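There are 2 protein chains.
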Amino acid sequence: MVPHLTTALTGPLLELEKRFLDHATEIERWMRVQWQDHLPPFYGSTDLRNSGFKLAPVDLNLFPGGFNNLNDAFMPLCVQAAQAAIERICPDARQLLLIPENHTRNQFYLQNVAKLVSVLQLTGLDVRLGSLLPEITAPTTLELANGSTLTLEPLERRGARLGLADFEPCAVLLNNDLSGGVPPILKGLDDQWLIPPLHAGWHVRRKSIHAAVYDRVARDFAAVIGIDPWRINPEFGVCSQIDFHERTGEERLADEVDALLARIREKYREYEVTETPFVVVKADAGTYGMGVMTVRDASEVRGLNRRQRNKMSVVKEGLEVHEVIIQEGVHTFETVDDAVAEPVVYMMDHYVVGGFYRVHTERARDENLNAPGMHFKPLAFETCCSLPDCRQGPDAAPNRFYAYGVVARLALLAASIEIEETMPAEAELAA
Amino acid sequence: MVPHLTTALTGPLLELEKRFLDHATEIERWMRVQWQDHLPPFYGSTDLRNSGFKLAPVDLNLFPGGFNNLNDAFMPLCVQAAQAAIERICPDARQLLLIPENHTRNQFYLQNVAKLVSVLQLTGLDVRLGSLLPEITAPTTLELANGSTLTLEPLERRGARLGLADFEPCAVLLNNDLSGGVPPILKGLDDQWLIPPLHAGWHVRRKSIHAAVYDRVARDFAAVIGIDPWRINPEFGVCSQIDFHERTGEERLADEVDALLARIREKYREYEVTETPFVVVKADAGTYGMGVMTVRDASEVRGLNRRQRNKMSVVKEGLEVHEVIIQEGVHTFETVDDAVAEPVVYMMDHYVVGGFYRVHTERARDENLNAPGMHFKPLAFETCCSLPDCRQGPDAAPNRFYAYGVVARLALLAASIEIEETMPAEAELAA
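Residue numbers (this note's numbering), protein chains in the order written: chain A, 65 to 495; chain B, 65 to 495.
In short, the hints are calculated from the structure, not lab data.
As the structure is a prediction and not an experimental result, all values here were calculated from the model.
Among these hints, one or two may not hold up.
Note: identical chains are not told apart, hence a pair may lie in one copy or across any two.
Unchecked claim - In silico SDA-like cross-links for lysine to any residue, where the CA-CA straight-line distance does not exceed 25 Å: (1) K82 - T213; (2) K375 - E299; (3) K179 - A88; (4) K179 - D459; (5) K179 - E446; (6) K179 - N210; (7) K441 - A178; (8) K441 - D123; (9) K82 - Q159; (10) K179 - A137; (11) K179 - T447; (12) K82 - S182.
Could you put the whole structure together from the sequences, leaning on the hints where they help?
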């Protein structure tokens, strides 16, 4: 049983959701045609923010790590979508090697891996786990809190193919975002499907490139249903050659923040929004909510103290931050029992397979809930995202979730185009 | 809430279901590879019989008429599968014309149509209903028992395209099995998707051809999981040039029945089955359970009285029967509250989207529950058919339904091959 969501929504979002409802047929047809031209990523998840006047994606993850948080009632959807994904990408595959993140003690993450394994097995794949951790030198079984187990095995490179002892997989699926770069053992694989392609990893992926593609997708889509693209699209700017330790580029960053805040203020005036605008400064490469800062005034980035500079200068795997994206902040106006709640939508192939809220009682509406040490409580969506119900109001659960699913799919489409457009030339691939 | 199913199963089926469970990965992979080579029908339904020692399809319908009987909890599966079907067959389609059966007073059938419309709309299609009934000369709105409405409109033929007033559909979907032949208005359509193709209609389709293809599919599949194909495949024979009124071919039919019963008896001895074998004599073309007779001894077809001869000689649309298929009868050993229950599995594209039991208190285990005047009670499947659970026994609901889904998909695959192999030559199509 999933608790009901208590929301405190203002008029404009209802109007936006109503627009989605009224145009559901055009929306689905438009999506269908887009997916004829672009290969959907194998899987992905989108973090959304719902401010009442705006419903927008703020992150698109190509290595989703929360399948364990989805509503079990929608497992069949997940299996069906995974079948479609496998058929599209590696239709003959018999054996699949799954490479997870190097977390061996994070029970939540391990349960995500276990869920993913069970879904993939039901698509007709023999699935085993290969670890990038050097200390995994023999099959190592991890006990999960829910009583099940996972066995990590050492990877074996044989020529241009990757496998395990007695295991020659047709396909390799990464659930590891490659933040630390591509390990040599993954380079130059041949005659084996590698999903997603290496350049989808955070070692080369840039939030700003995704945001620029999303900007185009949002404009095209907005024209189809006749809305201002700003309603679904956070404004953004980029600032490179930053060094937080050395305080290099601080002024340029402050100017960029100032310019973006000015653009947002203008939009707020247009929509008669009385909230205080804010922006979020994030490392352009990187994930896990590291290197993220909420800013309401440019002066805040000028006078960063040592602790703040340290926090901003390093992301996952200890990488230094030199480029940041400054993204329009979208207030979180949804709550569950008075706690701030942010939706995360999960997709496989181009299908929405579920989602959950990150629920946190101790954070404000303009703070990031996906941050290190933040123990959010996941609350699975109670209905699926593909069954809007025109007989109910735009804020009824099926319609709210439909709206989430639409915006999440727009971000997924942007990721698909981003992967296409950032595909390295063959010469680079061979290097 | 769906009531639990009470079954009275003997050992052998548990062993068969266990075999499916143990080989689920191979099964799913085999299915995936088959669907690379064969185009799945847009939709289909399979009637299964579950005798404890045998789980077999006895009918495959390419114009399913019971979507209203499916569990609403699986509507998202249905929508997702319908999206896949539309993408595969008519990816650019914007408008779809649905042509239903000519039943304007059958509330159950009309609710099926309404359900189908709502599923198709969610795939991004503008859907309208065109009627083949001559009395529909203007848009006619039918009230449904559940409060919704359906509007039937007169078809308009414009050159090589079919439409309605102010409606130029990209695709035409038949939910009419064409038992009475192809109406001229449907012939020679060009530049428009016609789904399924005309030769899937009962005016040319033959149960015996389907059975012959299923026989091959069942053999191939049985080899993959190491079972005797008989466990999933009803034996059959064919008898043509029959005239029940004139008693022409009666002896040949009796001989065929005798030979088939002898084969079944031998199998029963092999499997130590103590039930009385029976066969079902059916019109080779035709549906709706018309022209169907249960026979335990060849003598029964020799001495048919006038009423029986009348019953066998005519099927839907008043067509005369001249060819019959004699199919091994499979006892129905499943019950719900002591009533005989027969599973029907629904599929769209190659996905199982749900199913229901035909439950009837007044029929015996060797009688056909899909017959005129038979008011079966539909009981929707309580779980989906794609999530077998190895931690539970083979007779647990998810595993029973998985077994149904596997056998139903085999029948669907046979239908796909049947449609390929019976495709008319271009010259015939142009005629």
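Structure-based check of all given hints:
no.: 1; hint: K82 - T213; verdict: between (45 Å within a copy, 23 Å between copies)
no.: 2; hint: K375 - E299; verdict: within (24 Å within a copy, 73 Å between copies)
no.: 3; hint: K179 - A88; verdict: between (31 Å within a copy, 17 Å between copies)
no.: 4; hint: K179 - D459; verdict: between (31 Å within a copy, 24 Å between copies)
no.: 5; hint: K179 - E446; verdict: both (19 Å within a copy, 22 Å between copies)
no.: 6; hint: K179 - N210; verdict: within (11 Å within a copy, 39 Å between copies)
no.: 7; hint: K441 - A178; verdict: within (19 Å within a copy, 40 Å between copies)
no.: 8; hint: K441 - D123; verdict: within (19 Å within a copy, 49 Å between copies)
no.: 9; hint: K82 - Q159; verdict: between (45 Å within a copy, 22 Å between copies)
no.: 10; hint: K179 - A137; verdict: both (13 Å within a copy, 21 Å between copies)
no.: 11; hint: K179 - T447; verdict: both (19 Å within a copy, 19 Å between copies)
no.: 12; hint: K82 - S182; verdict: between (37 Å within a copy, 18 Å between copies)
Every hint, counting from the list given before, is met by this structure.
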